[in-house]
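Top line first, the protein sequences correspond to chains E and R.
Mapping of the first sequence onto the working numbering: residues 2 to 131, in sequence order.
Mapping of the second sequence onto the working numbering: residues 3 to 384, in sequence order.
Everything hinted at is true.
Derived DSS-like pairs (lysine-lysine); straight-line CA-CA distance at most 25 Å:
id, chain 1, residue 1, chain 2, residue 2
1, R, K10, E, K79
2, R, K251, R, K224
3, R, K220, R, K248
4, R, K111, E, K38
5, R, K175, R, K220
6, R, K220, R, K237
7, R, K216, R, K173
8, E, K13, R, K91
9, R, K135, R, K216
10, E, K14, R, K95
11, R, K91, E, K14
12, E, K13, R, K95
13, R, K148, E, K44
14, R, K216, R, K175
15, R, K195, R, K251
16, E, K38, R, K155
17, E, K12, R, K95
18, R, K91, E, K12
19, E, K38, R, K148
20, R, K155, E, K44
21, R, K195, R, K135
22, R, K237, R, K224
23, R, K148, R, K173
24, R, K10, E, K77
25, R, K10, E, K73
26, E, K14, E, K73
27, R, K173, R, K135
Quick list of simulated restraints, FRET-style, between CB atoms:
id, chain 1, residue 1, chain 2, residue 2, range
28, E, V60, R, S129, 46 to 54 Å
29, R, Y8, E, G40, 48 to 56 Å
30, R, L108, E, M95, 25 to 33 Å
Hints are computed from structural coordinates only; laboratory data are not their basis.
Note that beta-carbon positions come from the ideal geometry of N, C-alpha and C, so glycine has one too.
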Amino acid sequence: MSDEHSPEYYKKKFIPLIYLVGGILIGGTIITFAADKMGIAEKWGFVNALIFALSVAVVKASAVIYIFMHLKWDIKLKTISITLGCTVIFLIGMMALTVGSEIDYFKPGHEENTWNHVSQPEQEPVPTEK
Amino acid sequence: MEIPYYDKERPDTGLYNGKAGIWLFLASEVMLFGALFSAYVLLRVGAEPGTWSMGLMNQWVGAFNTLILIASSATIVMAWVCLKLNDWKGFRKWKWATVVFAFIFLIVKWSYEWPAKFTHYDVTFVSNESAAKVYTDVLGPKFDEKQSDVWQKRFDPLKKDKEQPSATQVKLKDKPLDGHIVGYIDSEGVKHKVGAAWGIPFWSHAFAWRHDRKNIEKEKDKSIRYDEDGRPVYKEGHFRDTFRDKDIKAIILVPAHGTWDTKEKHANSGTVKYAEAKHDGGHAHSDEHGHTVTIAREDISRLSSYEPAHSTFFATYYTLTGLHALHVLGGILVMLYHLLPVSRRVYEKNPVQFTNRIEITGLFWHFVDLVWIFLFPILYLM
Numbered sequence: 002m003s004d005e006h007s008p009e010y011y012k013k014k015f016i017p018l019i020y021l022v023g024g025i026l027i028g029g030t031i032i033t034f035a036a037d038k039m040g041i042a043e044k045w046g047f048v049n050a051l052i053f054a055l056s057v058a059v060v061k062a063s064a065v066i067y068i069f070m071h072l073k074w075d076i077k078l079k080t081i082s083i084t085l086g087c088t089v090i091f092l093i094g095m096m097a098l099t100v101g102s103e104i105d106y107f108k109p110g111h112e113e114n115t116w117n118h119v120s121q122p123e124q125e126p127v128p129t130e131k
Numbered sequence: 003m004e005i006p007y008y009d010k011e012r013p014d015t016g017l018y019n020g021k022a023g024i025w026l027f028l029a030s031e032v033m034l035f036g037a038l039f040s041a042y043v044l045l046r047v048g049a050e051p052g053t054w055s056m057g058l059m060n061q062w063v064g065a066f067n068t069l070i071l072i073a074s075s076a077t078i079v080m081a082w083v084c085l086k087l088n089d090w091k092g093f094r095k096w097k098w099a100t101v102v103f104a105f106i107f108l109i110v111k112w113s114y115e116w117p118a119k120f121t122h123y124d125v126t127f128v129s130n131e132s133a134a135k136v137y138t139d140v141l142g143p144k145f146d147e148k149q150s151d152v153w154q155k156r157f158d159p160l161k162k163d164k165e166q167p168s169a170t171q172v173k174l175k176d177k178p179l180d181g182h183i184v185g186y187i188d189s190e191g192v193k194h195k196v197g198a199a200w201g202i203p204f205w206s207h208a209f210a211w212r213h214d215r216k217n218i219e220k221e222k223d224k225s226i227r228y229d230e231d232g233r234p235v236y237k238e239g240h241f242r243d244t245f246r247d248k249d250i251k252a253i254i255l256v257p258a259h260g261t262w263d264t265k266e267k268h269a270n271s272g273t274v275k276y277a278e279a280k281h282d283g284g285h286a287h288s289d290e291h292g293h294t295v296t297i298a299r300e301d302i303s304r305l306s307s308y309e310p311a312h313s314t315f316f317a318t319y320y321t322l323t324g325l326h327a328l329h330v331l332g333g334i335l336v337m338l339y340h341l342l343p344v345s346r347r348v349y350e351k352n353p354v355q356f357t358n359r360i361e362i363t364g365l366f367w368h369f370v371d372l373v374w375i376f377l378f379p380i381l382y383l384m
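In isolation and in its complexed conformation, chain R is listed as follows:
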C-alpha cells in the first residue's frame, strides 16, 4: 500500500502530509513548553526576595551553548539547501556539522554544567553561633559585611544599596556558605578524601550528598539498622542522609569561586581573598585543594548540592533544560539515521521524499533552537 501525499502536496492543505504532521506536532510542543514556561514565570515572579538563586548560573557557558545551537540551526538549513541543489556531498558535510554542534551542546550540558552543580553545595547552620564560628574561619572576625554582600549579590541583587538591604533581615544561620566538599572526617577521627576521578576538578568533589537535620528529626522510626558493611538499611519514612551513610562527623569544604570574591580565581588555585582570613585571626586551612574550612556535623542544618531537590529554582531549571536536552538527543538520533547508507538509497530512489524528510527534521530542530532562545535569558540572565 502506498502512503498518500508523502512527496506531493495534498490539494486541500497545500502541504505534503509529513509537513502538516510536524506543524501539528510542534503546536503540541508549544503547549508543553508553554505550560512549563508559564509555571516558571509564575514561580519566578511570585518568589519572595532572597528565595531565588539568581547568581548561580554560569552565564558564559549558557552563552556559548546558545551560539552552538544557533550555528547548528544554520547548518541544518544549509544541508537542506544542498539537497535542493542536488549536492549530496554538501548535504552530508552540513548534516555532520549539525550533529557535531548538537553533541557539543549536550556534552557541555551533561558532562560539565550539570555535574558542576551536583558538586556545588550550600551549607546552612543550626544556629547563628554555629554560622558565626564557620564564617569567622572563612572570612575572619569581621565577616559580617562581606558575608552580607555575598548574600545580597546571590539572592537579591536588585535591592543592593537600598536603605535597608534584605540581607540584614535574614538570620545568619540561614545565609548559606557555598563550596565544594573535598573530604570528611568520620566518627573515629579518620580523615577521608573524596572523588579524585581522572583528575577532573569537579569530579574530585563530593557528588550529590544530602543532609537535612529537619528531615532526620521528622523521622518517626529512629531505629536505623546497619548492614554488615556498616551501611544503614533504610525503611519507609527514612530520608536519605549522607552523613548517616558515611558516618561523617565533619566535612572539609572549599568555599566556592565566584561567590566569595568574584574577581579572584577558583578556590583550588588558592588565590581567593578569603585566604586573608588567616591574617585577620580566622582559621582557614591550606592544603592541596587550596583553602579549606572544616565544619562539624552538629553545626550543619542543611547540606544540599544544586540538585533538583535543592530549591524551586533548580527543580524548574532541571525540568526545562532536561526536557530540552532530551529533544536535542532525539534530534541527534534522527540526524544520524539520515547519515546512514540506507538514507542514501532512499535519496536515490526518491529525492523529493528524502528532501522532505530533511525539511521536517529541520523544522523540529529549529523549534529546539527556539526553545533555547527563550530559555537562555530567563534561566541564565534573569
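Excised from the complex, chain E in its bound form:
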C-alpha cells in the first residue's frame, strides 16, 4: 500500500475488511450458483442470465481489486491508475470489437438455421424454361 499504517490500523480496520471481502466473495458465489440451479436462464432468457452472472462476478472482482489488491489506497498513484485505466479501456474495446462483430451476424443471405446435421426438407426441383 502506498500509505504506511500503524499496527492498530491493520488489526482493527484492515483485517475486518478482509473478512468483509471474503464474505462478499462467498456470498456472490452462492448467489450465482443458486440462481443457476433455480434455472434463471430458462426463466429470464440466456442473455439476461449471462448479464446477471457477470454482474455478480464484476462485484466480486471489484471487491478483490479494491481491498485485496489495495486499490483503495493506491488508486491515487498515477502509475497504477493510468495502467489500470488503459487496460480496462483496451479490454472493453477488444471485447466490443469481437463480440460486436457477432451481434451483426444476421446478414442478407445468412440463414437463421445453418446446422449441417439437421435434416433439410427436400425441395421440389424448379422447372427450367427451355
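Given chain E, work out where chain R should sit, using these hints.
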C-alpha cells in the same frame, strides 16, 4: 551494484519498482486472458443451437474450487498483514494455508476433473437404424421421448417445452449416447476389460480413446503396416484410431450418470433408470460395472472422449482452465520459495524488501483469483 528502489518508493511513480513491474505484468495478463475470453464469448454466442455442450460440467466441483480459491486469496492477504505486524510465525501459517488451498485446487482440477472428462465418451452412429438399435438396448423400444429429452437438456436446454424443440430436428444418428467404456471385444471375439487402476472409478475406464469413421475414410494411403506386436505403424496422413490400435470389433459401454437420469446415481451403482429397458424389451446387460451396452464398431460413426479435440467447447475449456492452472502452479512455486529458510534470511536482513515481495506475490495471486471469478460462471454455469 545495488538495485534501486526495491524497498523505497520512486519519487516519480510513488511505487517501489517491483510493484510497478507487477502492475504492468498484470496489465499484459489481462490482455492475454481478455483475448481468450473474447474468443470464448464469440464462439459461445455464435454457436448454433445443439452444438454447445452446456450440460457436461460438474457445477458442484466448479463451485467447490471457486470457494477454495477465494479462501486462498484471503489467506495470502493475512500472510502479508502478519509481516506488516512483524509476526513471522503468523506469516508462515497463512502462507502454508494458501499453498495447501492452491494444491487442493490443482489436485481437484488435474486428478479428478480432467481425468473424469478424458474417460467420458460421446458415441454417434453411422445410421439412424444403428442408433435406434443401440438406444433400444439402453432405453427400450420406446426410447424416443427419453432420448430427445436428454439431448434437449444437454445441448439446447433453453428451447425446452417450446412448440418445436430442436431435438426433433436433429437426426437420431447424430444424437450422442454418452458413457464410460469398461471393456471391448476384439476381432477374435475375446472380451477384454480396460483400466482398473488402483480401484479408482474413473481410472477403471478407457482413457482418451478415439475413432472417427470420416477420418479413416479420408485417408489416402490405406495400407497400414503392423509391427511385430500387431500394432499399426502410422505414416503421415494417417489418423490415430483406437479401434485399429487395439483391433476392436465392439465396445462395452456404461451409459453415464447425470445424463440418462439426473435423479439417479452413477451407472456403476446399477440403479440408473435405463435398467428398466430390460423389462421393456431392451437388451441392456448387467455385470460388475452395472448395466452395460455392447456397441459394434460398424455401428459407430465417431467415438470421442471429452478431450480438447472433442468439440469447440472443450478446446476452449481446456485452453482457459489449463492456462489458469499453469498460473496457479507458478504461484505455488513462488510461495514455496518464500517458505524456504533462505527467505527467512532475506526477511531478517531487510524486512521491508521481503514484505514487498509478499505483496507482489499477493497481487499476482489475486489476479489468478480474479480470472477464476469470471471463468466459473461462463464455463460452468452458462
